[in-house]
Structures are given as C-alpha cells and as structure tokens.
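Novice: One-letter residues, chain by chain:
There are 2 protein chains.
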Amino acid sequence: MFDADDRRFLDLAIEQARIGWDEGGVPIGAALVHQGEVLAVGRNRRVQMGSAIRHGETDCIENAGRLTAKVYRASTLYTTLSPCFMCAGTSVLYDIPRIVVGENRTFEASESFLASRGVEVVVADDPACKALMDTMIAEKPELWAEDIGEEA
Amino acid sequence: MFDADDRRFLDLAIEQARIGWDEGGVPIGAALVHQGEVLAVGRNRRVQMGSAIRHGETDCIENAGRLTAKVYRASTLYTTLSPCFMCAGTSVLYDIPRIVVGENRTFEASESFLASRGVEVVVADDPACKALMDTMIAEKPELWAEDIGEEA
Numbered sequence: 001m002f003d004a005d006d007r008r009f010l011d012l013a014i015e016q017a018r019i020g021w022d023e024g025g026v027p028i029g030a031a032l033v034h035q036g037e038v039l040a041v042g043r044n045r046r047v048q049m050g051s052a053i054r055h056g057e058t059d060c061i062e063n064a065g066r067l068t069a070k071v072y073r074a075s076t077l078y079t080t081l082s083p084c085f086m087c088a089g090t091s092v093l094y095d096i097p098r099i100v101v102g103e104n105r106t107f108e109a110s111e112s113f114l115a116s117r118g119v120e121v122v123v124a125d126d127p128a129c130k131a132l133m134d135t136m137i138a139e140k141p142e143l144w145a146e147d148i149g150e151e152a
Numbered sequence: 001m002f003d004a005d006d007r008r009f010l011d012l013a014i015e016q017a018r019i020g021w022d023e024g025g026v027p028i029g030a031a032l033v034h035q036g037e038v039l040a041v042g043r044n045r046r047v048q049m050g051s052a053i054r055h056g057e058t059d060c061i062e063n064a065g066r067l068t069a070k071v072y073r074a075s076t077l078y079t080t081l082s083p084c085f086m087c088a089g090t091s092v093l094y095d096i097p098r099i100v101v102g103e104n105r106t107f108e109a110s111e112s113f114l115a116s117r118g119v120e121v122v123v124a125d126d127p128a129c130k131a132l133m134d135t136m137i138a139e140k141p142e143l144w145a146e147d148i149g150e151e152a
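Order-wise, the sequence lines are chains A and B.
Each residue of the first sequence is one higher than the last, beginning at 1 in the UniProt record's numbering.
Each residue of the second sequence is one higher than the last, beginning at 1 in the UniProt record's numbering.
If you are wondering where the hints come from, they were derived from the structure by calculation, not from laboratory data.
Don't take every hint at face value.
Just so you know, same-sequence chains aren't split out, so a pair can sit in one copy or run between any two.
[Stated by the list, open to error] Below are the DSSO-like pairs computed for lysine-lysine, each with C-alpha atoms no more than 30 Å apart in a straight line:
(1) 70 - 140
(2) 70 - 130
(3) 130 - 140
This one's a predicted model, so the numbers in the text were calculated from it and none came from an experiment.
Please model the entire structure based on the sequences and the hints provided.
Specialist: Rendered as structure tokens:
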C-alpha cells in the first residue's frame with residue numbers, strides 16, 4: 001500500500017537525494033515520519049562528511065536526534081534506495097515497523113532479512129529514484145562500490 | 001580462538017568503554033584492527049554527541065574514515081558488548097570477517113545473523129566488560145533501554 005502521503009514523503013527523500021548529488025555525493029535520501037509528522041530528513045553524506053556510516057537512512061535517523069522507543073515504533077522510514085544491511089539493522093534496532101523504498105532494482109540486500117524481523121517493506125519502483133542511481137553508477141562507479149563495501 | 005593480540009586489542013576497546021562511562025555515556029567501546037594495526041578506536045557517544053547512531057562499533061568505524069573494501073575484508077572488529085543489529089549490519093555491509101566480543105551475557109541479538117552471513121564471532125566472556133554493563137544498567141536503566149530501542 002503506497003498512498004498519497006507516502007508519495008509526498010518519498011518526494012522529500014528524493015529531494016534530499018538530489019541535494020546530495022548536487023553536493024558531489026551519493027544520491028540517496030531518506031525521511032523519517034511519525035504519524036504524519038516529518039521528524040527528519042537526511043541524505044548519504046559519505047563524500048560531504050568523509051563518513052563511512054552516513055547513508056541516507058542513518059543520516060536521517062541521526063538528524064532526528066535521540067528518540068524514545070515508542071516514537072520509532074510508530075514511524076515510517078522513507079528511502080530512495082533499498083536499504084543496505086547497516087540501514088536495515090538500524091531500523092531493526094529501533095523497531096521501525098515500516099520502510100517505504102523508492103526502488104530496489106539498483107540494489108537489494110536486506111529485504112528478506114527485514115521481512116523476517118516483521119518489518120513491512122513497500123517498494124514504490126519509482127523512476128526518479130532509479131534515474132538518480134543510473135546516473136551515479138555511470139559517472140562514479142568507484143564511489144558506489146565504496147558505499148556498498150565492494151571492490152571497485 | 002582468542003589469543004594475546006586479541007587480548008591487547010580488546011583491552012583498547014575496554015579503555016574506550018571506561019572513557020565513555022567517565023564522560024557520562026554508555027560504557028561500550030570498540031577497536032578496528034587491520035593485520036595487527038589499530039585503524040581506529042571508538043565508544044558509544046549517544047549522550048556525548050546526542051547521537052542515535054554512534055554505538056561503540058559504528059563510532060569506531062566512523063573514526064576509521066573512508067576505507068576500501070579490501071581493508072575492511074582483512075580486519076577484525078573488537079567490541080566490549082555483543083553487537084546490536086545496527087552494528088552487526090554495518091559489519092556485514094563492509095564484509096568485516098571477524099568480530100571479537102567482550103561479553104554477550106548482558107545483551108545478545110545478532111550473533112546468529114552474523115554467523116549466517118559468514119562472520120566469525122569470538123566471545124571472550126570478559127568480566128571487566130560485564131562489570132561495566134552491570135554498573136550501567138543498575139545506575140542508568142533508562143539510558144540503556146534507549147540505547148537498544150526498548151521502552152524504559
């Protein structure tokens with residue numbers, strides 16, 4: 001189920017991905033939404049911060065600050081790309097029950113793990129998300145390899 | 001197999017845990033070691049940085065900076081406490097092949113997941129690591145609940 005609110009929140013994540021790309025970074029963005037309220041947005045900042053742990057989702061969760069379990073457990077995480085295991089594991093740590101994924105054609109690693117932990121994963125198969133990654137991988141293949149822990 | 005080098009590197013992680021406790025934080029520390037060379041140490045900095053993603057292991061990996069896949073794949077991660085799913089997922093993202101855990105009596109969530117991904121997990125069952133967590137949980141139970149995504 002991907003409704004009009006999901007569309008709106010995913011668009012915030014896409015906006016973050018575009019900002020990240022314009023900054024010279026990996027174009028992946030995220031948003032954390034609690035009962036219709038946007039708690040935070042974030043984007044991959046590997047390049048911008050020289051970071052190994054600031055993926056779109058983790059940057060967003062960090063930007064949201066310290067939250068109680070109750071808030072996480074009633075939130076949805078939006079991300080333009082299917083989460084890696086770091087970001088999936090972060091969602092599982094905090095029992096975030098629902099993740100809306102922009103696309104998983106470029107990369108998919110953790111969805112069966114998330115399902116096994118009871119997380120609902122909704123894939124929008126959004127062309128804008130895919131186009132951002134296509135451009136990224138064509139122009140900066142080594143940065144993409146680094147971002148997912150692969151050899152360039 | 002837990003040898004004299006492992007002891008030495010785990011002791012670096014314990015030192016970080018103690019620094020973190022003295023700072024008012026969660027007493028969990030980590031070290032990342034590549035072929036006998038310490039790349040970085042780190043500690044849980046939830047309190048110190050107002051962070052939701054700086055566990056001992058992720059702080060350590062962040063402190064190590066951007067590394068190539070080849071380096072991660074020949075490294076060992078030392079941590080005073082068995083990793084949560086965020087930290088386990090981060091290790092899996094980067095294909096870190098070996099994790100030395102100080103203790104897993106206080107908390108254990110991800111070890112079967114790590115084993116399923118081919119990660120070697122060595123548990124030292126170290127009394128100093130356990131004592132740090134016993135003190136933490138007795139004195140700051142709400143902070144501990146927050147750190148593992150549970151309701152206080």
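Novice: Compare the structure with each hint and give your call.
Specialist: Status of the hints after comparison with the structure:
1. For a Cα distance limit of 30 Å, the shortest separation of residue 70 from residue 140 across copies, 19 Å, qualifies, whereas the shortest one inside one copy, 39 Å, does not.
2. In the homo-oligomer, the alpha carbons of residue 70 and residue 130 lie at most 30 Å apart only across protomers (28 Å), although the nearest pairing inside one protomer, at 33 Å, exceeds that limit.
3. Proximity of residue 130 and residue 140 under a CA criterion of 30 Å is satisfied intra-copy only: 15 Å inside one chain copy versus 45 Å between copies.
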